[in-house]
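Please work from the sequences and hints to get the whole structure.
Number of protein chains: 2
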Amino acid sequence: MSEAALIAALELGGTKCVAMLASGPDAILEEVRVPTTRPEETLAALEAVLDGWRGFAAIGIGSFGPVSIDRQSRDYGQITSTPKPGWANTSVARRFADRYDVPVGFHTDVVGAVLGEARWGAGRGLDALAYVTVGTGIGAGMIARGQPVDGLTHAELGHIRVPRLAGDDWSGACPFHGACVEGLASGPAIAARTGIKGEDLPADHPVWDSVVDALANLMGTLTLTGVPRRIVLGGGVMVGNPHLLPRLRTATKLTLNGYVVRPELEDMDTFIVPAALGANAGPLGAVVLGQQALAERDATPFTRV
Amino acid sequence: MSEAALIAALELGGTKCVAMLASGPDAILEEVRVPTTRPEETLAALEAVLDGWRGFAAIGIGSFGPVSIDRQSRDYGQITSTPKPGWANTSVARRFADRYDVPVGFHTDVVGAVLGEARWGAGRGLDALAYVTVGTGIGAGMIARGQPVDGLTHAELGHIRVPRLAGDDWSGACPFHGACVEGLASGPAIAARTGIKGEDLPADHPVWDSVVDALANLMGTLTLTGVPRRIVLGGGVMVGNPHLLPRLRTATKLTLNGYVVRPELEDMDTFIVPAALGANAGPLGAVVLGQQALAERDATPFTRV
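In the order they appear, the protein sequences are chains A and B. Sequential numbering of the first sequence, starting at 1, is according to the numbering used here. Sequential numbering of the second sequence, starting at 1, is according to the numbering used here.
Calculated directly from the structure, the hints in this document are not laboratory data. Just so it is clear, CB atoms sit at the ideal spot from N, CA and C, and this is done for glycine as well. Careful: at least some of the hints might be erroneous.
Stated by the list, open to error - Derived Cβ-Cβ restraints for the label pairs, each shown as a range:
{"id": "1", "chain 1": "B", "residue 1": "D98", "chain 2": "A", "residue 2": "D127", "range": "23 to 33 Å"}
{"id": "2", "chain 1": "A", "residue 1": "V261", "chain 2": "B", "residue 2": "R33", "range": "58 to 68 Å"}
{"id": "3", "chain 1": "B", "residue 1": "R145", "chain 2": "A", "residue 2": "E30", "range": "30 to 40 Å"}
{"id": "4", "chain 1": "B", "residue 1": "G178", "chain 2": "A", "residue 2": "D269", "range": "21 to 31 Å"}
{"id": "5", "chain 1": "B", "residue 1": "R145", "chain 2": "A", "residue 2": "R99", "range": "25 to 35 Å"}
{"id": "6", "chain 1": "A", "residue 1": "V261", "chain 2": "B", "residue 2": "G13", "range": "18 to 28 Å"}
{"id": "7", "chain 1": "B", "residue 1": "D98", "chain 2": "A", "residue 2": "R74", "range": "41 to 51 Å"}
{"id": "8", "chain 1": "B", "residue 1": "L254", "chain 2": "A", "residue 2": "R38", "range": "31 to 41 Å"}
{"id": "9", "chain 1": "A", "residue 1": "S171", "chain 2": "B", "residue 2": "D98", "range": "53 to 63 Å"}
Laid out in structure tokens, this is it:
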């Protein structure tokens, strides 16, 4: 049964990677951290860990991006155009699929997080959910009908352009878009604008008005995709500044202005909620990616997916 | 085989409804138009049509909205909060499911259109596609992995708020959001702003700058969902003003500014394309909705979906 299957789960992060042998949060058998250095060194270290493990039925990988999740494409399973030195065009999923005779699930870290939160966290039992991380970058992952919402690529909704607060003409910090949501509300954007890290800024600093406004527009756009029954928020900026969440709920209600009429939207305290899985969200999300790859293989027994 | 199954397809529109007995664009056996009046009169007229037809294996319904597509909800299959007199909270899908002993597929007209364009039209063979109608309203439908992208409800991305062109402070025509995309670029918005219908405005009228800018932001946001391998555009404003499409392609490229790196995005002439199914898009989309309902029933033979 794939639900309880043991998975070799990998979270590939910008500074560290986590390998976890688990079938869920209550069944974590092993957990190993490896620093993210050059790809050859890092991936070989992860392989050395997996070589020592027995009994995993699949591998799940949640990676920093951008990655290619397009199975119709030759570059499927690669980290693609990342600025991280040495990592552009690094094959990840195929490398592990070639080495271990098990199905491999592969997606972004944030899609892993939304799958993990839907299985065991703040969106437990929901088949349609969004997860947004507000930290070094701003990323969004969605699932609908229990599956990642993707196609050409994974979501990059942190980069949508949004209206500006009246009188706010700061140019923004995104090298591509200036004042997109990430360019206005990510940790580096806040630091670039104020010269102070977010967690050291008082709650009444005027920059938060701009941050809340940009994030509320992102929440509004996510709601208008029709997908999420709930939006789960994580990332260092959210965790480090607890005053943001209530303000964001109020601002999101204002931006929607009653347009989408569903009971779930009446109480923003239950529609926009903090992440529940904490530091384990990444590797546990990768566990679900592995379990989905296994279920998919079992659903089509005559072909290796 | 559900691919070739004969479907009783219904397009419910604001002014007229179309009933079509068909298995595809090359196999249309019957087609009947019924004016949209009061719901009891209109739905009874459609039932009278279907009562006379034999051999359909499923019913597909693409409806004007908003509708409830949430199968976990008691109001599934209803037209919900429409301002159209008499139609709010009208049960549609259950009514036909109760009368005919076949599976019933139900979604918005625009999701029907994206399914039809993906099967037989401008997105043929693509499993991930977006369709946008720019007309009386602005609606977007997406499919990913061949299925509608939905959850809490269907997409309402025509109502996203977008940055404004420098110097443009017109308040917009949307009763909920003022200058959202629909409030800036729908047919009624253009007419409200200029006093002239879109098709009578010259291509060099300055209002088109604002329309193109708003629509390009919608194209950009759709692209950043990660879903569409192509975006198909229809609706009266697009069809009636052919100068818009090339301008919109250029503006979309500018707003993305090279951020999403995929081969499909390099040539905007093949990424953003006009709809191909024309007047038959609605009922043919409903044919696909019926075929999907049939396939779903056949995939789970022990329960009626």
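Lying within 21 to 31 Å: is that true of the beta-carbon distance G178(B) to D269(A)? With Cβ atoms ~27 Å apart, the hint holds.
Holds or violated: 25 to 35 Å for the Cβ distance of R145(B) and R99(A)? The hinted range 25 to 35 Å holds for R145(B) and R99(A), with Cβ atoms some 27 Å apart.
Given the hint of 31 to 41 Å, is the C-beta distance from L254(B) to R38(A) inside that range or not? holds (36 Å)
Supplied distance hint 53 to 63 Å, evaluated on CB atoms of S171(A) and D98(B): holds (59 Å)
Is it true that V261(A) and G13(B) lie within 18 to 28 Å of each other by Cβ? Between V261(A) and G13(B), where Cβ atoms are some 21 Å apart, the hint holds.
Given a hinted range of 41 to 51 Å, is it respected by the beta-carbon distance of D98(B) and R74(A)? holds (50 Å)
Range hint 30 to 40 Å: satisfied by the CB atoms of R145(B) and E30(A)? Because 33 Å falls inside the window, the suggested range holds.
For the pair D98(B) and D127(A), does the Cβ-Cβ distance stay inside 23 to 33 Å? 26 Å Cβ-Cβ, so the 23 to 33 Å window holds.
Given the hint of 58 to 68 Å, is the C-beta distance from V261(A) to R33(B) inside that range or not? Given a distance of about 30 Å, which is not inside 58 to 68 Å, the answer is violated.
Comparing the model with each earlier hint shows a violation of hint 2 alone; every other hint is respected.
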